[in-house]
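Chains as they are written, first to last, in this note's numbering: chain A, 1 to 326; chain B, 1 to 166; chain C, 1 to 487.
Hints were generated in silico from the structure; no laboratory data involved. Where a beta carbon is used, it is the ideal one built from N, C-alpha and C, also for glycine. One or more hints might be untrue.
Short derived list, chain C residues pointing at chain A, Cβ under 10 Å [to be verified]:
| hint | residue |
| --- | --- |
| 1 | PHE44 |
| 2 | THR179 |
| 3 | PHE315 |
| 4 | ARG401 |
| 5 | ASN403 |
25 Å max Cα-Cα, derived PhoX-like pairs, lysine-lysine [as the list claims (entries may be wrong)]:
| hint | chain 1 | residue 1 | chain 2 | residue 2 |
| --- | --- | --- | --- | --- |
| 6 | A | LYS119 | A | LYS90 |
| 7 | B | LYS6 | C | LYS216 |
| 8 | B | LYS94 | C | LYS216 |
| 9 | B | LYS2 | C | LYS216 |
Computed footprint of chain B on chain C; a stretch qualifies when at least three of its residues, placed anywhere within it, have a C-beta under 8 Å from a C-beta of chain B [unchecked claim]:
| hint | segment |
| --- | --- |
| 10 | 158–171 |
| 11 | 388–395 |
| 12 | 414–422 |
| 13 | 437–450 |
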Amino acid sequence: MKKVFVVVLMGVLVFIGFCFGFLTPVSAQDFPKKNIRWFVGYSPGGGFDTYSRALARTMEKYLPKGLHVIVVNRPGSASQQAASMIYNAKPDGYTIGIWPMPGLYVPQMFFEPKYDVKKVTWLGTVLVEPMVLAASSKSDFRTVKDLQGAKSVRLALTGFTGPEIAAPITMEKLGVKAQYITGHTGSGQAMLAAMRGDADAVVFSYGSLRKLLLDKSFVPLLLMGEGKRNPEIPDCPTATEAGYPELDDLVAAWRVIGGTPGIPEDQKKKLRELIWKSINDPEFLEWSKKSKRPVSPLDGIATERALAKILVQYDGLRDILEKYMK
Amino acid sequence: MKTEEKVFTFFLLFIVVLMVALTFGYRPGARLVPILVGVCALILMVSLCLMVLFQRFASLYQRWEEKRHVYSKDTESEDLNERMREAERTDRKKERSVVTWLLFLVAGTYVFGFFIAIPLFLFLFLKLWAHETWVLSLSMSGVVWGAVFFIFAYILGIPLHQGIVF
Amino acid sequence: MLANMVGWPGILLLISGTIIGMIFGAIPGLSGTTAIVVLIPMTFGMDPGTAMLWLAATYGAATYGGAIPCILINTPGEPPNAATILDGYPMAQKGKAGMALGSAATASTLGGFIGLLVTLLMIPVLTRFLMAFSYQEFFMMALLGLCIIAIVGEGTLIKGLASGFFGIMLSFVGYDPITSVLRYTFGIQYLWDGIPVVPALFGLLAIGEVMDLLVKERAVAEAQSARASRRQVWAGVRATFKNMPLVLRSSALGTFIGAIPGVGGTVAGFLSYMQAKQTCKNSENFGKGDVRGVIAPEAANDAKEGGALLPTLAFGIPGSSAMAVFLGALTLHGIDVGQDIFVANLDVVYMLILAALGCHMVAAVIGLSVADKMAILTRIRPTLITPVIFVVCLIGSFALRNNMGDVFVTFLFGLLGYEMRKFGFSRIALILGLLLGTMAERNFRQALMTSTIWRFFTRPISLVLFLAILAVLILPYVRAYRKRGDI
Chain A
1 MKKVFVVVLM
11 GVLVFIGFCF
21 GFLTPVSAQD
31 FPKKNIRWFV
41 GYSPGGGFDT
51 YSRALARTME
61 KYLPKGLHVI
71 VVNRPGSASQ
81 QAASMIYNAK
91 PDGYTIGIWP
101 MPGLYVPQMF
111 FEPKYDVKKV
121 TWLGTVLVEP
131 MVLAASSKSD
141 FRTVKDLQGA
151 KSVRLALTGF
161 TGPEIAAPIT
171 MEKLGVKAQY
181 ITGHTGSGQA
191 MLAAMRGDAD
201 AVVFSYGSLR
211 KLLLDKSFVP
221 LLLMGEGKRN
231 PEIPDCPTAT
241 EAGYPELDDL
251 VAAWRVIGGT
261 PGIPEDQKKK
271 LRELIWKSIN
281 DPEFLEWSKK
291 SKRPVSPLDG
301 IATERALAKI
311 LVQYDGLRDI
321 LEKYMK
Chain B
1 MKTEEKVFTF
11 FLLFIVVLMV
21 ALTFGYRPGA
31 RLVPILVGVC
41 ALILMVSLCL
51 MVLFQRFASL
61 YQRWEEKRHV
71 YSKDTESEDL
81 NERMREAERT
91 DRKKERSVVT
101 WLLFLVAGTY
111 VFGFFIAIPL
121 FLFLFLKLWA
131 HETWVLSLSM
141 SGVVWGAVFF
151 IFAYILGIPL
161 HQGIVF
Chain C
1 MLANMVGWPG
11 ILLLISGTII
21 GMIFGAIPGL
31 SGTTAIVVLI
41 PMTFGMDPGT
51 AMLWLAATYG
61 AATYGGAIPC
71 ILINTPGEPP
81 NAATILDGYP
91 MAQKGKAGMA
101 LGSAATASTL
111 GGFIGLLVTL
121 LMIPVLTRFL
131 MAFSYQEFFM
141 MALLGLCIIA
151 IVGEGTLIKG
161 LASGFFGIML
171 SFVGYDPITS
181 VLRYTFGIQY
191 LWDGIPVVPA
201 LFGLLAIGEV
211 MDLLVKERAV
221 AEAQSARASR
231 RQVWAGVRAT
241 FKNMPLVLRS
251 SALGTFIGAI
261 PGVGGTVAGF
271 LSYMQAKQTC
281 KNSENFGKGD
291 VRGVIAPEAA
301 NDAKEGGALL
311 PTLAFGIPGS
321 SAMAVFLGAL
331 TLHGIDVGQD
341 IFVANLDVVY
351 MLILAALGCH
361 MVAAVIGLSV
371 ADKMAILTRI
381 RPTLITPVIF
391 VVCLIGSFAL
401 RNNMGDVFVT
411 FLFGLLGYEM
421 RKFGFSRIAL
431 ILGLLLGTMA
441 ERNFRQALMT
451 STIWRFFTRP
461 ISLVLFLAIL
471 AVLILPYVRA
481 YRKRGDI
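Extracted from the complex, chain A is given alone in its bound form (with noise of 0.2 Å):
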């Protein structure tokens, strides 16, 4: 009888919960009046999750007094689950995140994930990270040219998801025959199957590369994304140098921070406005020298505006990446 009465209790319960749930009506006044969510799609400690817990630690200073960013770490599928996450949540403003772009576009070039990068409400840009072809020590390549004139070139890495699309693209764009071995654990695997011999070579974020690029484990080929060489590695030439100038344009890996779509006009504006800030305060910049994570901002209509141009430009590499994503 007690459990029968338990059982009747909590279907009464959660009745009401729905009515209310439904009922409840989206307030767009005072925004933000509540803690912000902040989805991040790596685990904690990763290069984005510290970017993220950075800039929410500088947000929560131009928010009113109690209210925090809350960073939420949902690892899964090379960020798509996080994207599904904010996507899919209430258009209220308080469901924000960072977004490996474009990345995070490729699956939706070939399968039906559960978001639209069309349709995501773009707030800022932290940082448009260059990548960069290098090949192993061990190897004999040096240059691109060797690469091209080779009859195969094995290249190590994690997968055709995410950053990594830009590997085949890099390929495909210099005309070199190359030989994928995907599978990797992480960009570290990765690097590590080059420098004992298993692979040739890498296409990664120069960030990720730079400790191996500086002690010499790699040799760097081509920089791309960035319009200048690098002074850490001078006798790098970048793509355009090189001949490759579409490969500045879309071999790139940007950090971009969206939310929900349809957030409205005027709550969109403060997001805008909120992040511009943090991204230039000087304490985040102070920490950004220190910790030797470097930023690029954009504000949200250059990100807009930005993005909208790779997307068309990876359209048109839609028969290229293809034969790598079915």
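Using the hints, position chains B and C against chain A.
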């Protein structure tokens, strides 16, 4: 009990058969290793099903196990026999009750969130199942709720699931 | 530097870091990595050496903390502690939780010392060793780990193998690691990354076990000897020192495995357990509450973190997930990793090592002092303790990835674990299959992409590992045959 064991063994067999069947629909690279492993799993599960259905197979296997364990004598088979005797004595009603309470906790967490479901579950479980006193039930629920809030929400700042109704 | 550590606030940070680390390690779902992530922002403004002291102490203590729930409630605080369950929990069931905790604390401390010492002394050798491991070797390591299914675990061999293979099949759910084809997901996005191991582990081991306690209305420990807990704790300490050769072997194994990124910390514990079972006398008691079954994995588990420092510091490639966070902390404090760290920031390296050594000592002292109190948990009536364990496991599952799906996985695997336990199937075998299945598949296929199948047998380390696999599988039968001959 024998029926339960048969159901469980056949359930595992069903999963393995389903996975092996699906494997044939994948690309060659993606199905190579699953097929190798799946065939081994299938052989093992089919053998187990034969053993639960036919006592003769079970006895044959038992004799082989005893030979294999000759240097540890009877301790292995003693433990196993004891485990099986224990299983025979299990109170089925209690088993179903435990599963139901656990289901309530999981469902309650999903619907109402951790902060409501946890103290509610603890209080009701301690009062209705364990027949503990009001004081103990309320205080334990409060202490655990407080510890959860303090560690996860306050110190770690992990936003625990708030339920689908709130 | 030593003065920093024993002076103020060094000593406070060392003790507080150790306590925080032990708590994080002991609560299922939290870990040393989580602890460091939480503490990093609090280290802003500290000098690098002091910051590293605090973080290293926290992380080092968490690996011992993870052994506590293994012994008390059959649940690893962190996956690398899983092998400790094999004998730790049976010891608790026999009323010897105090002894298990005492030996775990001692073995962890000694293993941590030895791991760091070995790493320091053998940096050049370890670096070359790291480079000698390729896909073939990783595959053989995974296969060696899977062979444990054949020699440990509950129930008969056929049920153990069936459980293991079932676990391997479950490990294939999600993206195929090489081609990214989705397998066995039935259109459910949650399954794209496969069945999450840690929630499944909580379900199989913890939930399944406490369901059994509740149904049978018995506490973990039934034996009356549970009362002599404090004496037991010291008995555990003495037992560890009595088995120093085992501690040394296990620590060396753990260090080498930890130095190879990609093998996974959990393998270290299980492989160490296996070598203990194969090499120790009277090993038929393993799995029934043999203290050596706790010493071996705990020593290896702590030693592996010493090994994991090597690729982290030498190449900037994290040897473990915690090392990835450490890397971030080092960079934040202006310390560049790479071969130069041993020249440019040698003082920080020493501070890290001293902190790790220090925290193990402090953890041992704290652990041994409270072990007998913790053992009381095994005697609390199940109706009080089990609902709390249910709650802790479910929250722990959620906290890992902020995903309610993980809570459902814990629940479903809890039911599976209960039924498996009832009918004599091996849950450990299933876990091993789930953990090592993808590693084995991935490396097998990567090896075939880069060379022929014969390379598995022509690469020296791969061949040695293959022979070790044969030895593991055949030796028990050889021994049994010999014993029959002697009778």
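How the hints compare with the structure:
{"no.": "1", "hint": "PHE44", "result": "8 Å, holds"}
{"no.": "2", "hint": "THR179", "result": "7 Å, holds"}
{"no.": "3", "hint": "PHE315", "result": "7 Å, holds"}
{"no.": "4", "hint": "ARG401", "result": "6 Å, holds"}
{"no.": "5", "hint": "ASN403", "result": "7 Å, holds"}
{"no.": "6", "hint": "A:LYS119 / A:LYS90", "result": "14 Å, holds"}
{"no.": "7", "hint": "B:LYS6 / C:LYS216", "result": "22 Å, holds"}
{"no.": "8", "hint": "B:LYS94 / C:LYS216", "result": "9 Å, holds"}
{"no.": "9", "hint": "B:LYS2 / C:LYS216", "result": "19 Å, holds"}
{"no.": "10", "hint": "158–171", "result": "holds (count 8)"}
{"no.": "11", "hint": "388–395", "result": "holds (count 5)"}
{"no.": "12", "hint": "414–422", "result": "holds (count 4)"}
{"no.": "13", "hint": "437–450", "result": "holds (count 5)"}
In summary, the structure agrees with every hint in the numbered list given earlier.
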